[in-house]
Amino acid sequence: MTDSRKRTLALFYCRNIPESSETDRQAIEKAYQGRIRLFPLPCSGRLEPVHLLRALEAFADAAYLVACPDGACNYFEGNRRAKKRVERTRQILSGIGLEPERAGIVIGSAQTLRTLAQLAEEIFDRICEMGPSPVLKGGSGGDPVSPGRGEIVYDNSRTEAH
Amino acid sequence: MITAEQKPIEEIREMLAPYKRVLTLGCGSCVAECAAGGEKETAMLASALRMAARINEEEVLIHEKTVDRQCVKAFIIPLDDIIKSYDAILSLGCGAGVQAVSEMYQEVPVIPALNTEFLGETRDQGYWVENCLGCGDCMLYYFGGVCPLARCSKQILNGPCGGSVEGRCEVNPDIPCAWQLIIDRLTRFGALDRLAEIYPPKNWARKQGSGPRKIVREDQQP
Amino acid sequence: MSDKSRLKEVLDHGGFAVTAECGPPKGADAQVILEKAELLRNRVDAVNVTDNQTAIVRMSSLAACVLLKGAGLDPVLQMVVRDRNRIALQSDILGAAALGVHNILCLSGDHQRFGNQPECIGVFDLDSIQLVQVARGMRDKSAILGGEPLDKAPDIFIGAAANPFADPLEFRVTRLAKKIKAGADFIQTQCIYNLNRFETWLSMAADRGLTEETFILGGVTPLKSAGMARYMKERVSGMDIPDELIKRMDGVPREKQREEGIRICVETIWRLKEMPAVRGVHIMAIEWESAVEEIAERAGLLPRPVIQKG
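Protein chains in written order, with this note's numbering: chain A, 39 to 200; chain B, 62 to 283; chain C, 1383 to 1692.
Do not take every clue at face value.
[As the list claims (entries may be wrong)] Dumping the calculated DSSO-like pairs for lysine-lysine here, alpha-carbon to alpha-carbon at most 30 Å:
{"hint": "1", "chain 1": "B", "residue 1": "K68", "chain 2": "A", "residue 2": "K121"}
{"hint": "2", "chain 1": "B", "residue 1": "K81", "chain 2": "A", "residue 2": "K175"}
{"hint": "3", "chain 1": "C", "residue 1": "K1451", "chain 2": "C", "residue 2": "K1655"}
{"hint": "4", "chain 1": "B", "residue 1": "K68", "chain 2": "A", "residue 2": "K175"}
{"hint": "5", "chain 1": "C", "residue 1": "K1386", "chain 2": "C", "residue 2": "K1534"}
{"hint": "6", "chain 1": "B", "residue 1": "K101", "chain 2": "A", "residue 2": "K122"}
{"hint": "7", "chain 1": "B", "residue 1": "K101", "chain 2": "B", "residue 2": "K68"}
{"hint": "8", "chain 1": "C", "residue 1": "K1638", "chain 2": "C", "residue 2": "K1606"}
{"hint": "9", "chain 1": "C", "residue 1": "K1638", "chain 2": "C", "residue 2": "K1615"}
{"hint": "10", "chain 1": "B", "residue 1": "K101", "chain 2": "B", "residue 2": "K81"}
{"hint": "11", "chain 1": "B", "residue 1": "K101", "chain 2": "A", "residue 2": "K175"}
{"hint": "12", "chain 1": "B", "residue 1": "K81", "chain 2": "B", "residue 2": "K145"}
{"hint": "13", "chain 1": "B", "residue 1": "K134", "chain 2": "B", "residue 2": "K68"}
{"hint": "14", "chain 1": "C", "residue 1": "K1386", "chain 2": "C", "residue 2": "K1451"}
{"hint": "15", "chain 1": "C", "residue 1": "K1615", "chain 2": "C", "residue 2": "K1629"}
{"hint": "16", "chain 1": "B", "residue 1": "K134", "chain 2": "B", "residue 2": "K101"}
{"hint": "17", "chain 1": "C", "residue 1": "K1534", "chain 2": "C", "residue 2": "K1563"}
{"hint": "18", "chain 1": "C", "residue 1": "K1655", "chain 2": "C", "residue 2": "K1606"}
{"hint": "19", "chain 1": "A", "residue 1": "K121", "chain 2": "B", "residue 2": "K101"}
{"hint": "20", "chain 1": "B", "residue 1": "K68", "chain 2": "A", "residue 2": "K122"}
{"hint": "21", "chain 1": "C", "residue 1": "K1408", "chain 2": "C", "residue 2": "K1606"}
Keep in mind that the hints were calculated from the coordinates and are not lab data.
I would like the entire structure built from these sequences, with the hints used as guidance.
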């Protein structure tokens, strides 16, 4: 990796993507030395905007989702819902002055079934063209557990009535 | 249910500007149903606000928590333990929730993150419509289950007006003419002659006649 | 000028009544009304004054009515329920009668969304039918809504509007029946371009005996241009303008279209005069009050009858 490729990508993906087993995932993360963190999902429809937002908040210069092609979703509509949620996330980013391109969705093509590794490389190249995220001042630092800056408390637990 | 929509984030940030320790408080009831202020939306908003603060180099602590219902004291009381850590609460409850929380914690400013809108139904996924005004004197029986006060743009009790065209309201073609719906419904029940009656002027005293209303039920009190 | 409703007198005497419409100015200039009065005096029996029509702020209808009265005309006070609650409406009825304004037309009013104060609250405390009923109670029982007695009942001739061209057609006659039951002495209809549909509505009303219980005045509006016809057809709800009419207007060069519009209006009035159930015509020449004289003349409506006193 050259210095100019010091970006961190959070990549969420549907487990139906070719060559996306646990072994594949670990291999990719190792190859990119932690610059890509991969999050498998049973279906892209499982993704919620808050997943992308928290990744961007904690460590990622960009957070992307890989989803199956139209008509190929095992759960019929998961990929369609995912598209809308990514779009919602992009609107939220625009609303706070962050480039909407820091979140995105890449649909696997029905014709060229690219592997997770291929998609990861393509997306990583793309996001490296963006500047570092202003949210992560001083470089991509920290993760949700030990944040580089400030306190992040994800206690969204429900309280119980007495 | 009560429906609401989130205020634009710039407006929320403007109201939050003076505060350094904010509790973003969600509500698991009506506003969760209309995807404005539930647990998910609270997490999204808090994350966005934290990121915005970092981008603008603002020092602020933003925590998030969701209660089942903000409008019931018993469900808010658990916050007693943590409220001292915050100098403001950003509430994603409806107007009732914001005020209930405000009533509980009078020294802490409670800022509304939502614009509360109407009493209505989830007609379809992602689609909510207003259908009740809370008039305190329900006449739905007479109108086949369609309220002419909430659903007719001019609150006509002896309708329709001259602007009903092809079942649409002249005010907005997206709005069905409530009177067309009432006529269709009563026709189906064979009760159209009910509309030959002249319905007298509405008793609005049941809504605002004595100022803001209350209900007291001694059988429900401890 | 008698203090009574001339409109009522003409109708009671069996005459074919003629009314026109006059819009107050968007300002405090009484002169505007007085000039319109000059165009209409002696060509019509009564003049309607619109009440903040289209929810646009104008000089109040009651004030303009009083100006017309002073100029020797018989005004019809249009009252919409959009802007005033039952206290104000009843109060205005008493004021109108006290000022010698004896004709009242009860209307819903256009929604505030259409006007120049869209952020206001629309009152809609009563609807137009309830207003007719309340007005009748004030006159006949000398009492306000709720029964409290008045010290002097207002002498008023009560009207309501009817739209034979809005949906649903079958229910329109039921609504007419309700207005009459509530106490409408006279009815002015929405402007008529589709005479067939109007006649259908009229015969349905006649079948129920309604045309004997109230005075129906058919509304007419002269078209100024083919563009106006098209606009009304496409953009104004509750209007029925047959395609043949648009074609007819289109078939005439632009500078002759006003003339054609007047011709169509006059033809319509002649047709209305042949219908025994129609007891008069209401000429709504919007911002074209000068056309009323020509229309009335060519429709054989002039001179207006002289009502014998005594």
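ask   = Which hints, by number, does the structure contradict?
value = Nothing - there is no hint that the structure violates, so all of them hold.
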